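Could you put together the complete structure from these sequences and hints?
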Amino acid sequence: MKNIYARSSTFFFRISIVSFIVLPIVTYLTYIDFFSNFEPLIFVGVSALFSSGTGFYLKQISEKLPEFTSINPGTAFLMNGFNFQQDVSWYSRLYLVSHEGEQLFVIEPTTKKPIARFLTVSSVISSGLIIPITYDVMTLNRSRLFSFTVKNEWKKFRVTIMDEQDNTIGVYLQPWLKSAMKNKGTLFYPNHDVWRQIEAKNMTGDIDIRDEESRITASYRFGMFPYALHPAFQAIPNNVHIKLGPHISTNERKVYLGIFYFWLQGYR
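If you count by numbering that gives the first Met the number 0, then the sequence shown holds residues 0 to 267, one letter each, in order.
Treat the hints as calculated values from the structure; they're not laboratory data.
Please read these numbers as outputs of a predicted model, since none were measured by experiment.
Glycine included, every Cβ here is placed at the ideal spot set by N, Cα and C.
Do not take every clue at face value.
Think about it this way: if two alpha-carbon atoms lie no more than 25 Å apart in a straight line, the pair counts; the simulated PhoX-like pairs of lysine-lysine are [to be verified]: (1) LYS200 to LYS177; (2) LYS112 to LYS150; (3) LYS183 to LYS112; (4) LYS183 to LYS200; (5) LYS242 to LYS200; (6) LYS242 to LYS181; (7) LYS183 to LYS155; (8) LYS150 to LYS183; (9) LYS112 to LYS155; (10) LYS183 to LYS111; (11) LYS181 to LYS154; (12) LYS112 to LYS177; (13) LYS177 to LYS155; (14) LYS242 to LYS183; (15) LYS181 to LYS150; (16) LYS155 to LYS181; (17) LYS177 to LYS150; (18) LYS200 to LYS181; (19) LYS183 to LYS154; (20) LYS111 to LYS150; (21) LYS154 to LYS177.
FRET-style restraints, in silico, Cβ to Cβ [claimed, not checked]: (22) ASP205 to ILE24: 31 to 37 Å; (23) VAL123 to MET78: 29 to 35 Å; (24) ASN140 to LEU48: 38 to 44 Å.
Structural data, given as structure tokens:
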């Protein structure tokens with residue numbers, strides 16, 4: 000989170016610089032009544048001050064957060080809880096962070112498809128609505144753990160989750176009509192046998208997924224969560240928190256992370 004806040008701070012500082020310098024010049028050159036109507040100047044000034052203030056605020060938060068020592072990716076992936084956090088980037092990029100705000104893994108469009116990766120600047124594209132989008136889940140040193148592809152098949156969405164060897168480990172199908180009000184779909188094994196029926200509790204996607212013994216295998220929460228008052232998360236109004244059962248396999252963890260990321264695309 001420390002690095003995310005630092006990059007966000009830089010982003011807002013750049014916006015304030017553009018607002019202070021570039022926009023007044025453009026407005027002067029294109030707006031005929033520039034001196035008789037101060038509305039453009041007021042708008043530019045408010046935008047610049049807001050962006051500058053936001054930049055200073057995020058910079059202060061970043062400086063207060065501690066530096067974390069690197070954690071073994073294998074150990075980190077077995078953690079029971081993660082939080083999705085959006086990063087400032089041209090293309091879609093999210094981090095999986097711990098309950099203390101430590102960045103553990105990064106999710107972003109695969110570099111194997113550079114054109115699709117570039118186009119994910121649009122949320123419509125990044126959701127897989129127009130073209131299939133493949134995401135890589137990687138350690139911070141860019142080592143790929145697994146991938147998943149989101150594809151719109153017009154009557155349903157298909158999320159195909161693959162391991163680091165590109166072998167399919169799960170397929171999730173979500174019909175358009177049945178999931179119009181809340182997420183609802185079916186998870187299949189690679190051999191097409193039904194694995195789980197998954198249905199959210201409400202429109203934001205909150206869910207508890209249970210196995211045959213009624214043990215919670217995974218849960219998804221959109222909004223506030225138990226450790227939201229931690230300094231690393233206080234500046235974020237809404238969060239996506241996921242919890243994974245300690246008894247589930249590594250492949251099952253990967254499958255749920257891919258599905259939950261797909262759900263998150265609907266609320267960005």
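Restraint status (C-alpha distance of LYS200 to LYS177 at most 25 Å) = Holds, at roughly 14 Å.
Keeping to a limit of 25 Å between CA atoms, is the pair of LYS181 and LYS150 held or broken?
-> holds (19 Å)
Is it true that the CA of LYS177 sits at most 25 Å from the CA of LYS155?
-> Roughly 9 Å separates the two Cα atoms, so the pair holds.
Taken at face value, is the distance from the CA of LYS150 to the CA of LYS111 at most 25 Å?
-> holds (16 Å)
If you check the beta carbons of ASP205 and ILE24, does the distance land in 31 to 37 Å?
-> At 48 Å between Cβs, range violated.
Regarding the pair LYS200 and LYS181, is the alpha-carbon distance no greater than 25 Å?
-> holds (8 Å)
Given the hint that LYS112 pairs with LYS150, does the C-alpha gap stay at or below 25 Å?
-> At roughly 14 Å apart (the allowed maximum being 25 Å), LYS150 and LYS112 satisfy the hint.
25 Å Cα cutoff - pair LYS183, LYS154 = holds (14 Å)
Straight-line alpha-carbon gap LYS154 to LYS177, limit 25 Å = holds (10 Å)
Agreement of LYS112 and LYS177 with the hint, judged by alpha carbon distance not exceeding 25 Å | violated (31 Å)
Go ahead and decide if the range 38 to 44 Å is satisfied by the Cβ distance of ASN140 to LEU48.
-> holds (39 Å)
Between LYS183 and LYS111, does the CA-CA distance stay at or below 25 Å?
-> Given that 25 Å is the threshold and the Cα spacing comes to 30 Å, the pair is violated.
Going down the numbered hints, you'll see the structure goes against 3, 10, 12 and 22, while the others check out.
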